[in-house]
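Number of protein chains: 2
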Amino acid sequence: MSEITKEYKNQVKELYKKSKIVLTDEELASIDYADFSLSNIEEEGLNLILYVNNNRYCAKEMVLLPNQTCPEHMHPDLENGLEGKQETFRCRWGEVFLYVEGDAPLDSDTISVSLVNGKEDYYTAGKEIHLKPGEQYTIAPKIKHWFKAGKDGAVISEFSSPSYDEFDVFTDPNIKRVIRDR
Amino acid sequence: MSEITKEYKNQVKELYKKSKIVLTDEELASIDYADFSLSNIEEEGLNLILYVNNNRYCAKEMVLLPNQTCPEHMHPDLENGLEGKQETFRCRWGEVFLYVEGDAPLDSDTISVSLVNGKEDYYTAGKEIHLKPGEQYTIAPKIKHWFKAGKDGAVISEFSSPSYDEFDVFTDPNIKRVIRDR
Chain A
4 MSEITKEYKN QVKELYKKSK IVLTDEELAS IDYADFSLSN IEEEGLNLIL
54 YVNNNRYCAK EMVLLPNQTC PEHMHPDLEN GLEGKQETFR CRWGEVFLYV
104 EGDAPLDSDT ISVSLVNGKE DYYTAGKEIH LKPGEQYTIA PKIKHWFKAG
154 KDGAVISEFS SPSYDEFDVF TDPNIKRVIR DR
Chain B
4 MSEITKEYKN QVKELYKKSK IVLTDEELAS IDYADFSLSN IEEEGLNLIL
54 YVNNNRYCAK EMVLLPNQTC PEHMHPDLEN GLEGKQETFR CRWGEVFLYV
104 EGDAPLDSDT ISVSLVNGKE DYYTAGKEIH LKPGEQYTIA PKIKHWFKAG
154 KDGAVISEFS SPSYDEFDVF TDPNIKRVIR DR
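Chains as they are written, first to last, in my numbering: chain A, 4 to 185; chain B, 4 to 185.
Just so you know, these hints were derived from the structure itself, not from any lab. Hints are not guaranteed to be accurate.
[What the hints assert, rightly or not] Below 25 Å or equal to it, Euclidean Cα-Cα: the simulated SDA-like pairs (lysine to any residue) are:
#1 B:23 x A:40
#2 B:12 x A:136
#3 A:154 x B:27
#4 A:23 x B:147
#5 B:16 x A:140
#6 A:145 x B:57
#7 B:145 x B:115
#8 B:23 x A:30
#9 B:154 x B:41
#10 A:135 x B:145
#11 A:154 x A:82
#12 B:20 x B:145
#13 B:20 x A:40
#14 A:145 x A:179
#15 B:23 x A:52
#16 B:147 x B:106
#17 A:23 x B:41
#18 B:135 x A:33
All chains, please: the whole structure from these sequences, using the hints.
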C-alpha cells in the first residue's frame, strides 16, 4: 500500500464536512482510506467511517472523492452458513453512479461514467442506478457491483447486514483488501 | 388516536430540516407520527421515517420534538426463534437522554430529565446515556429503554436488526402501537 497523503485525507474530511454530518474527532481520526492495494487511490479507492458492525447489522458513512471509483466486488455466502452481505446505499451529498449486475453486460459506451483507464476488464456490472441526495438502492447478496462518484464527489450512508469484508470477492485479481472492520 | 395537527407535523419537518439531512418529498409525506394511542403526542410520541426494513437489517431517521418522550418498551425474542431487536441510536442533531435498564432502579430525583406527569409508574429504566450529535449507543435485545429529547428536540438515526414493532412490549398497558413498518 502506498502512502496516503495528508492532502488526500483532507479532501475526504472536507467532503464529510460539506455533507453536514456530525462526526466525532475520534471518528475523523480513524477514517479507513482503502486503496485496495492498487496504489491508485485517487482513481480507485473508498473512504469510510464505521459506525457499528456487530453480528446483527452494520452501518457506515462512506466518501468518494470526485470521480473516484470503488472497484467491482460482491459479497458471497459464507462457509459457516451466513448469507452474503445485503446493503442499502443512501446518497447524502453529491451524486453517485452505482452499477449492479443486470440482464445485459456492461456497455462502456452507454453508461454515464468512464471506466478506469486500463482496468476495463475488471468492471462487468452494467445496470446503472444514479443516486442523488435522499435517494437509495438496496443491493442483494452475491450481486457484483461497483460505484463511481460524480464530479463533486459523494457522501453515502451504508445500512447493511454484518460486514465481513475479508470475504469480499473482487473482479480485479490484483486487489487485496486490508481489513479494518472488526 | 387523536388527530395530529398540521402545526405538529410542521414542527417535526422543521427539525429534519435543521439537521440538514436530505429527505425526498415522498419520505416527508410519509412520516410516521406515532402517538402510541395515548392521545398525548406532544409529551409522549415519536416521529420517524423508515429508510429500509428487510429481513436482514433496518434503518430509520427519528425526530423527537423538544422534551418529547418515547415511552418505555423492549424488544422481546420472537416465537419463531428470531432474537429480539438490537438497535444503535446515533444522535445527529440536538440532544437526547436515553435510559436503559441498569443495576439500579430509576431515581427520578437524580436523572437529568423529568418524567411525564402522571405516568411515573410506566418508566423504570434508569441508566442514563446522554447523546449529543455524533454520539451513539447500542441497546441490547430485551433491555427496557425510553428516551427524551432535550429542550431543542433531537434527530436520531437508528441502525438495527429487523423491526417487528408489532411485538414491542411497552411498560404502559394503555399503549397500542399502530404499525406502519411493513
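Tested hints:
1. B:23 x A:40: Given pair residue 23 (chain B), residue 40 (chain A) is violated - Cα atoms ~35 Å apart, limit 25 Å.
2. B:12 x A:136: 23 Å, holds
3. A:154 x B:27: Judged against 25 Å, a Cα distance of about 22 Å means the pair holds.
4. A:23 x B:147: Not OK: residue 23 (chain A) and residue 147 (chain B) at ~32 Å, beyond 25 Å, violated.
5. B:16 x A:140: Holds, at about 23 Å.
6. A:145 x B:57: Between residue 145 (chain A) and residue 57 (chain B) the Cα gap is close to 17 Å, so the pair holds against 25 Å.
7. B:145 x B:115: With Cα atoms ~24 Å apart, residue 145 (chain B) and residue 115 (chain B) stay inside 25 Å; holds.
8. B:23 x A:30: It holds: about 20 Å lies between the C-alpha atoms, which stays within 25 Å.
9. B:154 x B:41: Satisfied, since the Cα-Cα distance of roughly 22 Å is no more than 25 Å.
10. A:135 x B:145: 37 Å, violated
11. A:154 x A:82: 40 Å, violated
12. B:20 x B:145: Violated: residue 20 (chain B) and residue 145 (chain B) sit about 33 Å apart, past 25 Å.
13. B:20 x A:40: Violated. Residue 20 (chain B) to residue 40 (chain A) sits at ~40 Å, over the 25 Å cutoff.
14. A:145 x A:179: Holds, because 19 Å separates the two Cα atoms, which is no more than 25 Å.
15. B:23 x A:52: 19 Å, holds
16. B:147 x B:106: Holds, at about 12 Å.
17. A:23 x B:41: 35 Å, violated
18. B:135 x A:33: Distance of about 19 Å is within 25 Å: holds.
Checked against the numbered hints above, the structure breaks hints 1, 4, 10, 11, 12, 13, 17 and satisfies the rest.
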